[in-house]
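S.K.: Since chain A is already given, all that's left is putting chain B on it; use the hints.
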Amino acid sequence: GQSLEQPSEVTAVEGAIVQINCTYQTSGFYGLSWYQQHDGGAPTFLSYNALDGLEETGRFSSFLSRSDSYGYLLLQELQMKDSASYFCAVLNTNAGKSTFGDGTTLTVKP
Amino acid sequence: DAGITQSPRHKVTETGTPVTLRCHQTENHRYMYWYRQDPGHGLRLIHYSYGVKDTDKGEVSDGYSVSRSKTEDFLLTLESATSSQTSVYFCATVSSGKTDTQYFGPGTRLTVL
Numbered sequence: 226g227q228s229l230e231q232p233s234e235v236t237a238v239e240g241a242i243v244q245i246n247c248t249y250q251t252s253g254f255y256g257l258s259w260y261q262q263h264d265g266g267a268p269t270f271l272s273y274n275a276l277d278g279l280e281e282t283g284r285f286s287s288f289l290s291r292s293d294s295y296g297y298l299l300l301q302e303l304q305m306k307d308s309a310s311y312f313c314a315v316l317n318t319n320a321g322k323s324t325f326g327d328g329t330t331l332t333v334k335p
Numbered sequence: 005d006a007g008i009t010q011s012p013r014h015k016v017t018e019t020g021t022p023v024t025l026r027c028h029q030t031e032n033h034r035y036m037y038w039y040r041q042d043p044g045h046g047l048r049l050i051h052y053s054y055g056v057k058d059t060d061k062g063e064v065s066d067g068y069s070v071s072r073s074k075t076e077d078f079l080l081t082l083e084s085a086t087s088s089q090t091s092v093y094f095c096a097t098v099s100s101g102k103t104d105t106q107y108f109g110p111g112t113r114l115t116v117l
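Taken in sequence, the protein lines are chains A and B.
In short: position in the first sequence from 1, add 225, done, that's this note's numbering.
In short: position in the second sequence from 1, add 4, done, that's this note's numbering.
Only chain A is shown next, with the shape it has when bound in the complex (with noise of 0.2 angstroms):
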């Protein structure tokens, strides 16, 4: 079967930094990929690793440890408008097949 495992809610200050945890138990294994979705709207994408390491995007970065089968994604200097729903998912084949996790909310408060 296919899991993946985050936490429900993280709740943070603004201007502080916060961190996702993501594990996951798959089949077919492609990379990582993280999600926002703020209230009422679509998903978007935010970042993706194959290979282990940090990925740094902006205020954002992602982490990915095979080995491990955990990832992360780190929101840095967090601002009001961060709060939202964030996604890890894993890309199980090389046509973009992908199994999500139930989503952590986050919200950041002033």
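These aren't lab readings, by the way, just hints derived from the structure by calculation.
Within a straight-line C-alpha distance of at most 20 angstroms, the following computed DMTMM-like cross-link-like pairs (lysine to aspartate or glutamate) qualify: (1) B:K15 x B:D42; (2) B:K57 x B:E31; (3) B:K102 x A:E280; (4) B:K102 x A:E281; (5) B:K61 x B:E83; (6) B:K15 x B:E83.
Nothing here was measured: the structure is a model prediction, and the numbers come from that model.
M.R.: Using the frame of chain A, we list chain B on its own:
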């Protein structure tokens, strides 16, 4: 943005009626996906398509069928809607040249009474 639209955006229907949701894309992306999203859950894959007339089942396909007669259109049909199919439905596309990124449509909120 990948130029993905979904129609209708909102629909209320009665139990037992057939419903068809449409996903239309203008990016010529080869791969297309239908998901449902329920409170407290992530996106669960219903059906997907690897090309015209090439479709397959996802993890929650019971009660749903799909068709893809053109690259740009992917239709999801609920044969006989049930209250358990009340959900938000998202369509996504993936380019064959960059398969790590899914581009999502705005979603369709379906209520089955």
